[in-house]
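Student: Going by my numbering, the letters in the sequence shown line up with residues 1 to 318, in that order.
By construction, these hints were calculated from the structure, which means they are not laboratory data. Everything numeric in this text was worked out from a predicted model, so none of it was measured. Wrong hints could be hidden among the right ones.
As the list claims (entries may be wrong) - Here are the computed lysine to any residue pairs in the SDA-like style, where the Cα-Cα straight-line distance is at most 25 Å:
{"hint": "1", "residue 1": "Lys206", "residue 2": "Gly216"}
{"hint": "2", "residue 1": "Lys32", "residue 2": "Thr135"}
{"hint": "3", "residue 1": "Lys66", "residue 2": "Arg83"}
{"hint": "4", "residue 1": "Lys194", "residue 2": "Asn226"}
{"hint": "5", "residue 1": "Lys194", "residue 2": "Gly65"}
{"hint": "6", "residue 1": "Lys194", "residue 2": "Ala106"}
{"hint": "7", "residue 1": "Lys206", "residue 2": "Leu163"}
{"hint": "8", "residue 1": "Lys32", "residue 2": "Glu86"}
Said to hold, decoys possible - Pair ranges (Cβ atoms, derived):
{"hint": "9", "residue 1": "Thr263", "residue 2": "Glu86", "range": "20 to 26 Å"}
{"hint": "10", "residue 1": "Lys262", "residue 2": "Asn26", "range": "35 to 41 Å"}
{"hint": "11", "residue 1": "Ser88", "residue 2": "Arg209", "range": "19 to 25 Å"}
The beta-carbon is built from N, C-alpha and C at its ideal position, and this holds for glycine as well.
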Amino acid sequence: MRPELYLGIDTSNYTTSAAVVDGEGNILCNAKRPLPVREGECGLRQSDAVFAHVKNLPGLTEEIGKLLSGRRPVAVGVSCRPRAQEGSYMPCFLAGEAAASTAAAALGVPLYRFSHQCGHLAAAIASSGREDFYTRRFGAFHVSGGTTEVLTASYAEGTGGFLATVLGGSADLHAGQVIDRIGVMLGLAFPCGKALEALAATCTAKVPRPRICVRGCTANLSGLQNQAEKLFRESGDAALTAAYVLDFIAETLAALTEALRKTEGPIPVLYAGGVMSDLRIRERLSAFSDVAFAEPALSTDNAVGIAELCRKRHTDVL
């Protein structure tokens with residue numbers, strides 16, 4: 001085991017995360033604290049998210065410090081924006097960037113900045129063991145509460161990040177948004193992904209065939225919310241409604257995968273983001289060849305991908 005340590009920090013809209021990997025990419029720590037959301041609500045204002053991160057970060061970094069037992073990172077990485085695109089901005093990332101800048105300055109080590117999306121891709125690669133994604137062009141899906149995008153991507157050596165081109169995705173609601181909205185309607189606590197998956201697993205009724213709307217690499221998901229609400233009004237069956245929502249998203253992503261490969265050829269595909277932790281959706285997409293997923297713990301928001309990109313970026317410049 002190489003003795004170097006790399007610290008990653010990510011402050012997304014719903015989770016404060018910090019992680020440490022060693023010089024070989026082994027995960028030594030993956031610490032996360034959710035941001036509080038009031039009962040019955042489907043999200044947070046950015047000002048509330050920033051405040052919650054500021055409250056979470058001291059305890060999280062103290063936890064990391066105790067686990068390291070005096071060992072010091074040789075570099076710090078942080079997510080500072082949602083995507084690696086000009087103009088991409090979200091205030092919640094300012095809290096993590098401030099903490100990471102302070103830590104790097106105090107330790108006298110380099111600070112490397114990445115996008116939240118690149119962190120998700122790196123976490124999925126690390127989790128799936130598909131290191132070949134760093135040496136080839138690949139298709140990628142980033143599917144969460146704030147993003148549903150179809151991408152092509154390739155690792156940009158010397159930057160620690162990925163060059164990504166958006167081919168499409170959802171033209172209206174994001175997959176995670178629909179899951180949370182329907183989950184809250186069914187009385188589940190936000191965020192609703194895990195509870196909706198568990199509820200769907202209890203379904204004994206026949207699930208109607210989803211009426212998806214996909215044109216090329218673009219999908220519409222707003223219709224899903226309307227269909228799910230109607231199904232629940234007519235059936236009163238929460239488990240059936242949950243199963244229908246997840247099957248609709250799975251079939252939509254399957255159609256988008258087919259469209260991606262029709263456009264780009266038989267390239268490998270990586271699925272990342274919180275929605276991809278759902279095993280019902282993953283089972284459907286596993287029917288495709290040459291696809292990879294993050295394990296559920298690294299599909300949801302985390303800082304492991306940021307720590308890994310920090311390691312690669314630091315190694316690239318040595």
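Student: Does each hint fit the structure? Answer for all of them.
Tutor: Here's how the hints hold up against the structure:
1. Lys206 - Gly216: Given pair Lys206, Gly216 is violated - Cα atoms ~29 Å apart, limit 25 Å.
2. Lys32 - Thr135: Status violated; Cα separation ~30 Å.
3. Lys66 - Arg83: Violated - the C-alpha atoms of Arg83 and Lys66 are around 32 Å apart, more than 25 Å.
4. Lys194 - Asn226: With a Cα-Cα distance of about 21 Å, the restraint between Lys194 and Asn226 holds, given a limit of 25 Å.
5. Lys194 - Gly65: Distance ~30 Å between Lys194 and Gly65 Cα, so the pair is violated.
6. Lys194 - Ala106: 38 Å, violated
7. Lys206 - Leu163: 43 Å, violated
8. Lys32 - Glu86: Outside the cut-off at roughly 28 Å; violated.
9. Thr263 - Glu86: 20 to 26 Å: 24 Å, holds
10. Lys262 - Asn26: 35 to 41 Å: This hint holds: roughly 38 Å between Cβ atoms.
11. Ser88 - Arg209: 19 to 25 Å: 37 Å, violated
The structure is inconsistent with the numbered hints 1, 2, 3, 5, 6, 7, 8 and 11, although it conforms to all the rest.
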